[in-house]
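Using the hints provided, position chains B and W relative to the given structure of chain C.
Each chain, letter by letter, is given below.
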Amino acid sequence: MVEREMRCIICPLGCVMRLFFDGEGSAPLWAEGAECAKGREYAERELTDPRRTLTSTVKVRGGCFPLVSARSSAPLPKHMLLPAAALLRGVSLQAPVAAGQVILPDIMGTGTALVATGTVERALGL
Amino acid sequence: MRADIAVIGGGPAGLAAAAAARAAGAERVLVLEREPLAGGILNQCIHDGFGLVRFGEPLTGPEYAGRFLRAAEERGVDILTRTMVLELTAERRLWTLGPRGYEAAAAGAVILAMGCRERTRGAIQIPGARPAGVFTAGVAQYYLNRQNMMIGRRVLIVGSGDVGLIMARRLTLEGARVLAVVEKLPYAGGLARNVVQCLEDYDIPLFLRHTVTRIEGEQRVERVTVARLDEAGRAVPGAERVWACDTVVLSVGLIPENELALQAGAEISPLTGGAVVGDDLQTSIPGVFACGNALHVHDLVDYVSEEAEEAARNAVAFIRAGRPAAGPLIPVRPAAGVRYVVPFFLRPGTRPLISLRVAEPMSRRRIEVRAGGRVLAARKFPRLTPAEMVRLTLREAAPPGAEAVEVRIIDG
Amino acid sequence: MEKRFDVAVVGGGAVGCAIARELCRYEQSVVLLEKESDVARGTSGRNSGVVHAGFNNPPGSLAARLCVEGCAGFAAVCRELGVPYRRTGKLVAALEAEDAPALERLLAQGRQGGVPELELWTPRQTRAREPGITSCGALWSGSTGITNPILYTVALAENAQANGAEIILDFAVDTVVRAGDGFVLRAGERALGADFVINAAGLYADRVAALAGDENYRIYPCRGEYLVLDKQAAALLRTPVYPVPRPGVGGLGVHLTPTVDGNILIGPSAEYIESRADTGTTAAVMERLWAEALRLLPALAQSRVVTAYAGLRSKTVPAGAQNFGDFIAEHSRVTPNLINLAGIESPGLTASVPLARLVCRLLREKKPLKPKADFRPERQRGEDFRSSPPERRRAMAAADPAAREIVCRCETVTRREILTALDNPLGVRDLGGIKTRSRAMTGRCQGGYCQQRLAVMLRDEYGIRPADIRLHGRDAWLFTGDVK
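Residue numbers (our numbering), protein chains in the order written: chain C, 23 to 148; chain B, 76 to 487; chain W, 60 to 543.
If you are wondering where the hints come from, they were derived from the structure by calculation, not from laboratory data. Positions of the beta carbon are idealized from the N, C-alpha and C atoms, including for glycine. Any given hint might turn out to be false.
On the chain C side, residues computed to face chain B include the following (Cβ under 10 Å) [as the list claims (entries may be wrong)]: (1) 34; (2) 51; (3) 139.
This is chain C alone, in the form it adopts within the complex (with noise of 0.2 Å):
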């Protein structure tokens, strides 16, 4: 049995848990510590395959600003987040972009969408 603690990091509370599991990899036996049923979901999630939702911008041509901001629609696995990000900086758009608008329907073969949060108008003049 193995013993560590963790974190919650779900909201800003940040309780910290202490779990109880077989070994790297395997799903805690025991959680305690944790304020809400959402803090042992996220302690199994983030022993066995921990995931994080990116947020990143995208490149805007022509638009009243540089960039607009995005997100993943879902959590992403943690490993994914850097190359993730680096994939992003090859994209770019053309103005206007709305807020909920799909950049990428599907990030690196995840299934997940990257999605604008924000809106970027077209430049005047343009």
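Then chains B and W, alone, in the frame of chain C:
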């Protein structure tokens, strides 16, 4: 120009206040926003985690701002963008400069919602040269997230405030090497979740009880000396390390934006840096209210919105009554271990929400609000840290004749 | 064939720029060479900005004589150039009874040197002028004033340029070759010729002289650090206040100086150092400056520091030397057609125009100088929004869309004022140049609000790529390029 309510600042506080003022029945509500786009600092906070309390889902900054902008527009709020308020008087006259020129406005009530600004290198007096390459975290965030301008390759982050932690991750994702975060206190300044997902996820070391003692570089930053601090906060001789880097990002604190409040003559608290307000969030100037980060720096925008809505309802009540509610004022006093409490005083019979921050991390404590021998509110906390604002609603009002309301921390 | 000039001035500090302007009063071609990307980047931009009366220097010394002359004419020069100047007067305060005799000595020295408006004040008189200062009496100097030394230097350079001088920036003279009676000056690949060279290189005066074959000088850099206080402290002080100078200290002592922009300066320290470029501040000195400032004005305890900086004095005497190093302005004893200025530390700013006149007299010994009929000493300056009354502000905004936007919030600088600063005659396009010309980035938030707006303006309106935007200097880059 005339408005029932003039809201200074169109960020999350200002937009929420304006929509709430309309909802409470104010006719002409004007938001004065200096940027071309309302939304405030949230427009550059592209990360998620906003709105968990209010909407039960993690939104990004632009998404959260977008919801409030739409709400304000739907409610019929007038938003004047590219318009800066240059002066505010105690008679609630404002001088503004914007596309309509330089003009005066009169308001029935004013809501201060200007947000906060960052402490700078000068404010914390880091010795050494003054080369290019020293940015505050918020400025770095604007360059990266809004303007597509990359600020450096090898970055040292000084201070562990939330914006600094967020920028450690942003810079890493955009290809910079973030060498370390140094923090002079024995605990992180930002939220624990940000330490985990912005530093630990990317193996960025956090050096607690460390500080920058020297910046070198004639033109651009070349080297930074970091020293370990002893218990008393003094640099330990010999415990220094020189980092070769080209960029320093400072995340060393936020200060409420109080130029206009000061100019109008409002009393400013040395504890928060914001205006001194009563239970109705009214400043020492009748009809001028304050909320959000302009009042005290928050860690969650959800609470900024809520506080702004409260300020707006009180502002509407003020214009209806035409004068501030009368009555004796009971001072609210932070006891040992409490850094500050907002509001600073309250009227008998009121049961406002109390916001406070503790002075240092502690665990298993109970916070009590007492007046005249009665406990007005109390709650237990497994952990308390200065990074997290604590909020308590009074169960009962202060008894008439109470001399003070005391907010204290007790064991258990 | 390189371009040839009658006179080349090396060094774009206050003295070099004043010389270039003064030379433009005569029929001749003038070039000013500055190694940095703007004028006033050295000692001239890193001092107290005090226009001295002249009582600190030994009577009869060149420094004392030119200081008295400079002080008397400073207001007029600032009026011509459109540079802020305020005659504040100055107090040298005796903090302890034992300092009192030193005040008498200063008074005698000043009177002997012809300094006007000097009086010994009682503690009560002193308090009436500066209520926060507790003293055992003070020396009052009525003719002392303050200016913005950077704007002053910039204005001299711009006015010289408007009168025909060529100002070449980023030209670090590395070779001086004798060519007939004249010189060829080189900076890397670039070269130009001049019949006469005026060496006003300040901290580098000995090196420039040596390049021209004259090894008779040696400069000892002496660093002075300053703290700049938030404008909220301005109400606490209206007069520069100095302690009584102590022997063996390489400066006038840590003093308090209000600036024309409404801040208070604390400093400078005095520390001989090896480097001529190390304008870094140190923790130990910053701490000491605070302590000394509080001794002078205890009420400062509540005020806030907005920034710190340091400047280097170019001394001709080493640390520990008891003799006073006077200004040097003379023909080279070994190289013909070379005039050297050395050891121009305080009160060099005050004495800059008299020094320039002296240089013209020296030059006249070698060649005739014929006055130029169309020399114009006045410099036009744009209107400033901040100090304009409401009616004027309204008219400015109505007439000009660029006057409807504030770019720097702390100093209330409009977009128009930024554009004017950006289109400066010397062609300086780095943020430091915009800062000194417009006051943007000098306030409480130190550019937190406006630096980003200026950078975006440079990119979007002036077409400067992010990687080419500079804070100050050739290598002071701000951005590696685009993020994506």
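Here is what the structure says about each hint:
Below 10 Å, beta-carbon pairs count as interface contacts, and residue 34/C has one with chain B at about 5 Å; its hint therefore holds. Restraint check, residue 51/C versus chain B: the minimum CB separation of about 22 Å is more than 10 Å; hint violated. With a cut of 10 Å, the hint placing residue 139/C at the interface with chain B holds, because the nearest CB-to-CB distance is about 4 Å.
Of the numbered hints stated above, the single one contradicted by the structure is hint 2.
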